[in-house]
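Novice: This is what each chain is made of:
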Amino acid sequence: MPLQQTPRLLSIWTSRLPNTAKSNTNGSLSGLSMAVKDVFWTTELPTTAASKMLRDFHPEEDAECVSLARAAGACLIGKTNCDEFGMGSSNRFSHFGPVLHPLSSDRLAGGSSGGSAAAVALNQSSFALSTDTGGSTRLPASYCGVVGLKPSYGLISRYGLIPYAESLDCVGIMAKSVHTVNRVFDVLSQYDEKDPTSESTELRKSAREAAQSVRQSTDTWRIGLPEELFTSKPSDALSEVLDTLIRKGATDGKRVELYQVSLPTTTLALNAYYVIASAEASSSLARYDGMRYGYRSESGSIHDTREEGFGEEVKRRITLGNLVLSADSLDNYYLNAQRARTEIVNDFNGLFRMPNARTATDAVPDGIDVLIHPTAVSGPPLVDSHDAADYAQDLLTTPASLAGLPALNVPIGVDSQGFPQGVSVVGQWGCEQCVFGVAKELETANASVGGV
Amino acid sequence: MQLSRVLGNVAKKLKPENKQTTRLNEYRLIIGLEIHAQLNASVKLFSNSSVGSEQSEPNTHVTPFDAAIPGTLPKLNQEPLSKALSAAAALNFTISRTSSFDRKHYLYYDLPQGYQITQQYNPLAHSGHLALHAHRDDVTRDFAVALPRIQLEQDTGKAHLHTRTPTLTPLVDLNRCGVALVEIVTRPDMHSAEEAVAFVKKLRSTLRAAGVCSGHMEAGNLRADVNVNVEYAATPTIRTARVEVKNLNSLRSMAGAIQYEYERHARALEDGRGDAIQQDTLGWDVQRGATYKLRSKEEAVDYRYMPDPNLREVIVGDEQMASVQEYLQQCAPFLPDALRDRLMQTYALSARDVNVLLAVNEDLWAGDSRRSLGSGGGSASHDHAHVNTQTPKPPSIVRFFEHLAHLSADPQLAVNWTIHELLAQFAARASPFDETTIPAHRLHALLALIQTSQVTSTAAKKVLAHMFDSDKTPATIVDELDLRMLPVHVLDDVVQRTIEDLPDESTKASQGNTKVVRKLIGHAMKVARGKADGSRVEKMLRDRLGIQ
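Residue numbers (UniProt numbering), protein chains in the order written: chain A, 1 to 452; chain B, 1 to 548.
With the rest of the complex left out, here is chain A:
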C-alpha cells in the first residue's frame, strides 16, 4: 500500500465500544467482530445516521439484523461513519466528516457505507453491516476492494434501520471473502413479522428450491454480460478471470458459458432511481421536526429545526422529492419513474432461467443464471470533485436496486492507479446461492491469476 492512514484520520467510526462485549461462543458467527453502519439501532451506542439531526439519538433496542448477528455470536465493536441518512455515493456528506479512502488521502472511500467498507478493508472488523439503497454497499466495497452484498429486497429485516427510501433500502453485508458474507447472510436472512415488507418463509423456500432444481439439472453456469452495463470494455483483470473460468470450468466441475445480453430499460434506471428515492426520502424524513427526539432549533420552529439539522445533500434530495410528488409534477416524474421501474423488473425477468418468486414471473428456460458487470464507472471519488459527478457513480448499481435483485461486489484486480476494481454479480430474486456460487468462482479465479 502506498500510504497507510491511521483509522482516526479516515473517520471510519462514529462511536466505538471500549470493551468488546461478551458474545455467544457457540453461534455460527462466534469469533467474528462486527462493525455496524450508524443507521442501525444499537442499545449501547447512539444511532446518528451521521446527521446533526440525530446526533443524540439512543434507541432502546438493537435493530433486528444486529440482534440476529449478536445472537449468532458476532461481537459489536462500533458504529461506522456514512453519508447522512445514507444519501451519497462518495461518503462526502457526513456530520462527522467524509470517510477517506484507505489507500489515498486524495480519495474517498465511497458511499454511502464508506466507514463499513474501510473498516473491513483495514481488517478492523471481520465483517460489517451496511445498507444499500442504490449502490451504497456495492460502490464503497468496489472502491475499497472488499466483498459487499445487497441481498434481495425483503430478505433481511429493516426493523431498526433509519430509513432513506423504504422501497429500495436493503441491509447490506461486507467482508473480505464471499464465504464470510455468505455465513452472515445465512444468519440474517429470516422472516421478521415486525417488518411488513419481510417476505414469508414459504416464498423464500420456493425461490431457493426453484434455483436448486435449475442448478441440479444443468452442467453449465450461464453468465450474462449486459451490454448496457459495460460502459467500457471489460478490464484486463476481468477478461483474464473470465478466460480462466471458460478454460478450466468451475470448481464444481460445471462448464462456464458467457452470453452477451441486453437490458435496454436499465438506461432509465439512474433517473428513475433519483426520482423514486428522493420522493421516498422527502416522505421518510418528514418526521424530523424536533418535537419528540433529535435536534431542535432554538426557536423551536419545525422549519428552523430542519434547516439547521439537515446537511445540504439531504435538503437537496428532500426538495427534489417534494417537487416530484407535487400535484403538478407527479405525472411527469414520479409516475413515469414507477413505470420505468416496472419495465426494468420485466427486463431482468426476461433473462433468468429461474422464476421470480416475488413477482410470480415464469423462468426463461434458455436463460442465464446470473449477470455480471463492473460495479463502478470509475475509481474511488476524489476528495476535491464536483458534486454532479457523484450521482453518475450509481449508474450501474441502481438497476438491481429498482428490481429488488441480489447483487454482490467481488474485487477483481486493480485499475491503472492501483485502486481496487469490483465486479457485480446479479441474480434472480431470492437466488443468493447462485450469486455466491459465481462470486466464489470469480474470487478463486482472481486469486489464481494473481489478483489482489
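Don't take each hint at face value.
If you want the footprint, here are the derived chain B segments under chain A, 3+ residues with CB under 8 Å [claimed, not checked]:
no.: 1; region: 105-111
no.: 2; region: 309-315
The following label-pair restraints were derived from C-beta to C-beta distances [stated by the list, open to error]:
no.: 3; chain 1: B; residue 1: E298; chain 2: A; residue 2: G418; range: 56 to 62 Å
no.: 4; chain 1: B; residue 1: E299; chain 2: A; residue 2: D56; range: 32 to 38 Å
no.: 5; chain 1: A; residue 1: D304; chain 2: B; residue 2: G272; range: 47 to 53 Å
no.: 6; chain 1: B; residue 1: E299; chain 2: A; residue 2: S299; range: 21 to 27 Å
no.: 7; chain 1: A; residue 1: S200; chain 2: B; residue 2: N48; range: 19 to 25 Å
no.: 8; chain 1: B; residue 1: T94; chain 2: A; residue 2: H303; range: 42 to 48 Å
Bear in mind the hints are in silico, worked out from the structure with no lab data behind them. Here the structure is a predicted model, which means the values were calculated and not measured. Cβ coordinates follow ideal geometry from the N, Cα and C atoms, glycine included.
Given chain A, work out where chain B should sit, using these hints.
Specialist: Same frame as chain A, now just chain B:
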C-alpha cells in the same frame, strides 16, 4: 337575515309553508359531506398500542411507532380492518378485493410522521349508499345519498396551543395518534341542513348498529367536513363556488354552518355578485355562530400523495368476505330501517312510541361510548386474520322491550311500562337506563300480576319503585305492602256492606239517581282499602242495585 333567525330555523323543523322553503325553491342548496368516523377497535391501526379514552392521561397510549421513532415500521392490525369492512358492508359499499395505503403529507405538530397513512388511490370500498325515507328519517322526500368511497386511515394526535402565547411550541398528546378512522365521502346529494343532519344521524345509527363506531360527535369520534354551494334553481349553471367547512363536531354546528353559508351564498346570488364567493376552506366559530376563513384555494396544501412503500396491498379473500357478510347478517335486524320496521310491524307500536324507544337508544349509545372508551386500559392486539370477533348487540332498551313484549304477549303493555314507568324510575334516580337493573323477566312478573287482576296499575307503580331497592319478587312486595286486590267473594261482602252502610243513597241509586253511584263506589273502595279495581266495584254495585 339575522343570525338568530338563521339558528332558529335550524332548530325548528322546516314546515312546508315556511318562508325558508320558498327560498330554497329559488336558490338550491348543494351539500356534500366528508365524514371521519373513529372505529371502536381496541388497538390502533398500525401499532400495538391500546386505544385510550378522553380521560386517559396524555401520552399514555403511545408506542415508538406512534411517536414516529425512525426505524419502527407499521403493521396492519386485523381488528380495525375488520371493523372498517363491517362499516363498508353496512353502508352498502362494494368492498375492493385489493386496496392499498398511501401517504398524505403535511407538517403539523399533531402529525409525528409528517404524513397520514390513508387510502387515496385504491380505497377499501366504493359505490355505497344510504337511503333516507320521508317522515320517518326527518326528511320530506325519499332519496339516497351516494357514497363514492370509504377509506381506512390514521387519526392524528392533538396539539394544544398555549392560549396566552400561541407562538410557543404547542403541547402534543399522541394518545389519539394512529387510531383507526374511516373516511366516508358523499356525493352532493343533500339540499338542506335538515337533510344533512338526518343523513349524519342515520349514518351514525348504522355505524352503531354495526358495532364499529360509538358516534359521539362531541368526543370527536365522529366528525364532519361540509362542502356547500348554491345554484339558481331556474338556471343551475349559475352557481357559487364550493366552500368547505372543516371539523364540525356537533350536528348543531353542522346545521348552523350550512345555514350560515346558505344565507351568504344565496344573498350573493340575489345581489348579482355570486363571484364574490371564493373557493375557500372555512372554520365554524360556535360562539359567534359564523364561519371564518382558514385558507383560500391558492393556499391549499399540496399533500404530495405517494403509495406507502412499507405497506402491502390489503387483500380481502373469499373467507374474509364471507365473514363480513355473515357478520352483517347478524347486525341486519338492528340497522335503522329494519329496527323501525320491526317495532312498527311486529309489535304494532305507534310511530310515537317507536320514536321514543329509538331516541333513548341513541342516547344510550352516546353514554355507552363515553363509558366504553373509559375502560380502554388493557392491552390489545390481535391479529386473528379473517376472524370477526365482534358480537353484534341490539341497542339495549330495544332488546329489553322485545324481551318483555314476548314474555307478556302484550307489546302495548310492554312498551308503556318500558318507556313510561321504567324510564320514569330511572329519571327519578338521575341514572341512565340499564337493562340489568330490573331485568325484563322481573318486570314481566309484575305485569303478570296486573294481567291476572291481582294488583291495580296504580299499585304496581308503587311496587316497581320498591323493586329498585329490593331483590324480592313483585308478589312478595305486593303482599308486604298489602296491595293485593281482594278476591271476588270478599268484594261481594264489600258491596253488601256498602249498601247496608248507605241505605238512603242505595235506594236513590236504584231509583235512577246516577249521581249517588259515585259516592257508593267511593265508600266501597274505602271499605276495600283500595285493594279493588274501581270499575269492577262499580259493575258489581250496579248489578246488585239493578241499575242499567
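Novice: Next step is simple, just say for each hint if it's right about the structure.
Specialist: Hint-by-hint comparison with the structure:
{"no.": "1", "hint": "105-111", "result": "holds (count 3)"}
{"no.": "2", "hint": "309-315", "result": "holds (count 4)"}
{"no.": "3", "hint": "B:E298 / A:G418: 56 to 62 Å", "result": "60 Å, holds"}
{"no.": "4", "hint": "B:E299 / A:D56: 32 to 38 Å", "result": "36 Å, holds"}
{"no.": "5", "hint": "A:D304 / B:G272: 47 to 53 Å", "result": "48 Å, holds"}
{"no.": "6", "hint": "B:E299 / A:S299: 21 to 27 Å", "result": "23 Å, holds"}
{"no.": "7", "hint": "A:S200 / B:N48: 19 to 25 Å", "result": "21 Å, holds"}
{"no.": "8", "hint": "B:T94 / A:H303: 42 to 48 Å", "result": "43 Å, holds"}
Against the hints set out earlier in the document, no violation occurs for any number.
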